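Chemist: As a plain string of letters, each chain reads:
2 protein chains.
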Amino acid sequence: MWDFIYNTSMKAEIISIGTEILLGHIVNTNTSYLSKKLASIGIDVYYHTTVGDNPKRLVSAVRKALSRSDIVFTTGGLGPTVDDITLDRISKALSRKLIYDKKIEKYIKTYFIKRKLSNIPEETLRQAYIPKGSVWFENKVGTAPSIAVKLGKKVLIALPGPPRELIPLVEKNIIPFLKKNKLSGRHIIKTRTLKVTGIIEVEVNKIVKDLLSIGPKTTLGIYVHLGEVDLKITSKANNTSTANHEISKLEKELRKRLGNYIFGSDGDTLESVVGKLLLKNKKTLSIAESCTGGLIQNRITNVNGSSKYFSGGVVSYSNELKTSLLKVSKKEIKKYGAVSKEVALSMAEGIRKITSSSIALGVTGIAGPLGATKKKPVGTVYVSLVDKRFKIVKEYRFVGSREDIKLLSSNAALDLLRAFLS
Amino acid sequence: MWDFIYNTSMKAEIISIGTEILLGHIVNTNTSYLSKKLASIGIDVYYHTTVGDNPKRLVSAVRKALSRSDIVFTTGGLGPTVDDITLDRISKALSRKLIYDKKIEKYIKTYFIKRKLSNIPEETLRQAYIPKGSVWFENKVGTAPSIAVKLGKKVLIALPGPPRELIPLVEKNIIPFLKKNKLSGRHIIKTRTLKVTGIIEVEVNKIVKDLLSIGPKTTLGIYVHLGEVDLKITSKANNTSTANHEISKLEKELRKRLGNYIFGSDGDTLESVVGKLLLKNKKTLSIAESCTGGLIQNRITNVNGSSKYFSGGVVSYSNELKTSLLKVSKKEIKKYGAVSKEVALSMAEGIRKITSSSIALGVTGIAGPLGATKKKPVGTVYVSLVDKRFKIVKEYRFVGSREDIKLLSSNAALDLLRAFLS
Chain A
0 MWDFIYNTSM
10 KAEIISIGTE
20 ILLGHIVNTN
30 TSYLSKKLAS
40 IGIDVYYHTT
50 VGDNPKRLVS
60 AVRKALSRSD
70 IVFTTGGLGP
80 TVDDITLDRI
90 SKALSRKLIY
100 DKKIEKYIKT
110 YFIKRKLSNI
120 PEETLRQAYI
130 PKGSVWFENK
140 VGTAPSIAVK
150 LGKKVLIALP
160 GPPRELIPLV
170 EKNIIPFLKK
180 NKLSGRHIIK
190 TRTLKVTGII
200 EVEVNKIVKD
210 LLSIGPKTTL
220 GIYVHLGEVD
230 LKITSKANNT
240 STANHEISKL
250 EKELRKRLGN
260 YIFGSDGDTL
270 ESVVGKLLLK
280 NKKTLSIAES
290 CTGGLIQNRI
300 TNVNGSSKYF
310 SGGVVSYSNE
320 LKTSLLKVSK
330 KEIKKYGAVS
340 KEVALSMAEG
350 IRKITSSSIA
360 LGVTGIAGPL
370 GATKKKPVGT
380 VYVSLVDKRF
390 KIVKEYRFVG
400 SREDIKLLSS
410 NAALDLLRAF
420 LS
Chain B
0 MWDFIYNTSM
10 KAEIISIGTE
20 ILLGHIVNTN
30 TSYLSKKLAS
40 IGIDVYYHTT
50 VGDNPKRLVS
60 AVRKALSRSD
70 IVFTTGGLGP
80 TVDDITLDRI
90 SKALSRKLIY
100 DKKIEKYIKT
110 YFIKRKLSNI
120 PEETLRQAYI
130 PKGSVWFENK
140 VGTAPSIAVK
150 LGKKVLIALP
160 GPPRELIPLV
170 EKNIIPFLKK
180 NKLSGRHIIK
190 TRTLKVTGII
200 EVEVNKIVKD
210 LLSIGPKTTL
220 GIYVHLGEVD
230 LKITSKANNT
240 STANHEISKL
250 EKELRKRLGN
260 YIFGSDGDTL
270 ESVVGKLLLK
280 NKKTLSIAES
290 CTGGLIQNRI
300 TNVNGSSKYF
310 SGGVVSYSNE
320 LKTSLLKVSK
330 KEIKKYGAVS
340 KEVALSMAEG
350 IRKITSSSIA
360 LGVTGIAGPL
370 GATKKKPVGT
380 VYVSLVDKRF
390 KIVKEYRFVG
400 SREDIKLLSS
410 NAALDLLRAF
420 LS
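So the sequence lines, in the order shown, correspond to chains A and B. Sequential numbering of the first sequence, starting at 0, is according to numbering that gives the first Met the number 0. Sequential numbering of the second sequence, starting at 0, is according to numbering that gives the first Met the number 0.
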């Protein structure tokens, strides 16, 4: 194995290769994925560069990168077509020969045979050429030849462009390779994201403002999504336990200040949190939706095992369906309107009766752009929750596009349920 | 106005500024958006670079970019905090003074007053400093000072980082500015995307393979999404009518070969296409979903004005709901199983009866990871369509995660309806 000894942390950079990226035809998600992974093992990324499938500019980008960084990653351009020139140009930039590797040839042939593809396209064997002295990584998802080359104290690693090939290679090959060769940093970076809903960004900002500049070792960042604010704690430390300790300290403070506005962390979603609470409390759920058009039920059923607590529901888009299925009275609709507190409650009561679920949610509103009245503008939404003892209904005024209002309404319904259960 | 005369097309590059991008905390969507916009007015982008909020590396990135490109765009680092150093560093790179602009000061103050924010934070006025000789663009969404500076025959344009500020500035200010100053290219680039479903990528590839290399002026690219293949035609021409003509020629050929597998183009979605067909044929729709859990109805109701043709439906997640609401017989469920052709049809018939809609869809299946049987593995899905004359049911075996299977099932249902209506 190669032996690297560094006193300082490693400087890395990523070169993305592909004219389709420069044309804006695809959004480059590889760099953010790879940067995050590298940060987690103490490798700091200082530059991202994108170049097209242009031989000259590619060579100069590789040379420039190697002149200023310790580890250079390239992504893309490893396919079998004539446009795929990455390894050829890397050889040129490093003044190394391309050699034909029998081991890769065998891998490619086996790859095709295993998939019962009897004709191995001639051009695929171009992928058996790699720069002399490279380490080759087996790409289980395709035939793109991912490699690493050592250049004195520096390393260049070439990765395929498609995320479904790149991600498994990074997880299974590259990270272990970097660690084994002591290329990972002396420090590690850990992050934890606390997820906040039911309170707007400026309010969150006020509450946590003084904590935003507590760095440099542990930092807090605010990231805003529609209907959700993420508080990202990042800690740079010599080891995992120190990082975890620092993160926990800040997390404790944030939880003290924001309380139940924090609905989860990291991979949690409102629907997964609600699912766990329903299971824990041994409750079942049914839903009657109007303006959200099935979105709440869709989110609930995105969670594995949701059939254990979710009975089902109705999308009562028309007034007729509210009456015929949910037994909301015509009189009530006439008196208060289909978008009203009363109808939201009757919808939940109706679906609860039909399904015999412990809890039911009802949502009615105006997602727009059509359907507004003077008293009830686009974004007026009523969310109700009913169980055997309680009847709760809330009124909201959301602003945004049709899809925004649907999402915000579904968040409000799920968050009402979360508050009720916790 | 500045006067630029170029004989060749303009070379541009984009520098994204922000440590949060290098850390992988956010995916950079600005570069793909901006690249696409620039391509459409004949400005070719040759490099994307990302640097952190580091003074030295930022200066060197700006200098390097100006040495090799005609137009340099920066995004990010225009906020009011001490981390926002873009204009300061641009001044340094260009050896120009930063000057305090009274016009911007006034704009910032008015911006706060208009929003009824009485306290103007002191640091916000930092945003009134811009490099000497800059053109300032009014940012209607925030206070970040977007500017352009002329440097001999070259131009540097600084844009804010948040897409909700950047996009309106590009649309309303930057594109007109580039055109007015003759910075846009002699050629233009137009693209049209044909959207394909119901046929897998390798099959599409076989059918269009010979058209993939017809460039250089008009090119065809294949982009694969889950359940959808996009064929992107790109034409580079001297004017719009030539580009349109070239695109139409290739489009005609593709339509001849792929026929009804092409469901739409550009902004179309399966649900918007289905919506138009329902309106045109004066039909109404109802839906009974099981494994898709509301996703199909959610997609249908994402379309503006869908209440004109969508009555509503049921998410019959439990067998009880299939029986109680949709009147699927217990016998049938016992005999064939809840996931069966028979139940899919009965579900559609049930919801059609309740809603009196012209057409009804029914979907039942196993989204996984739980619920599989020996005969019916995860991914087994039945999709039915019923109207007053026809009863159609199809069986599918999808592969993927729970959410993948839900999406593929919803595509199958919407595509069955599309085929039925067209």
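Keep in mind the hints are simulated off the structure, nothing from the lab. Among these hints, one or two may not hold up.
Derived SDA-like pairs (lysine to any residue); straight-line CA-CA distance at most 20 Å [unchecked claim]:
1) B/Lys115 with A/Val201
2) A/Lys375 with B/Ser306
3) B/Lys375 with B/Ser400
4) A/Lys251 with A/Gly226
5) B/Lys35 with B/Ser306
6) A/Lys115 with B/Ile199
7) B/Lys231 with A/Thr80
8) B/Lys205 with A/Lys189
9) A/Lys307 with B/Leu278
10) B/Lys208 with A/Lys251
11) A/Lys189 with B/Val26
These numbers come from a predicted model, not from an experiment.
Chemist: Could you run down the list of hints and mark each one as holding or not?
Modeler: Here is what the structure says about each hint:
no.	hint	result
1	B/Lys115 with A/Val201	14 Å, holds
2	A/Lys375 with B/Ser306	18 Å, holds
3	B/Lys375 with B/Ser400	16 Å, holds
4	A/Lys251 with A/Gly226	23 Å, violated
5	B/Lys35 with B/Ser306	35 Å, violated
6	A/Lys115 with B/Ile199	17 Å, holds
7	B/Lys231 with A/Thr80	18 Å, holds
8	B/Lys205 with A/Lys189	46 Å, violated
9	A/Lys307 with B/Leu278	38 Å, violated
10	B/Lys208 with A/Lys251	58 Å, violated
11	A/Lys189 with B/Val26	19 Å, holds
Violation of the numbered hints given earlier is confined to hints 4, 5, 8, 9 and 10; the remaining hints are satisfied by the structure.
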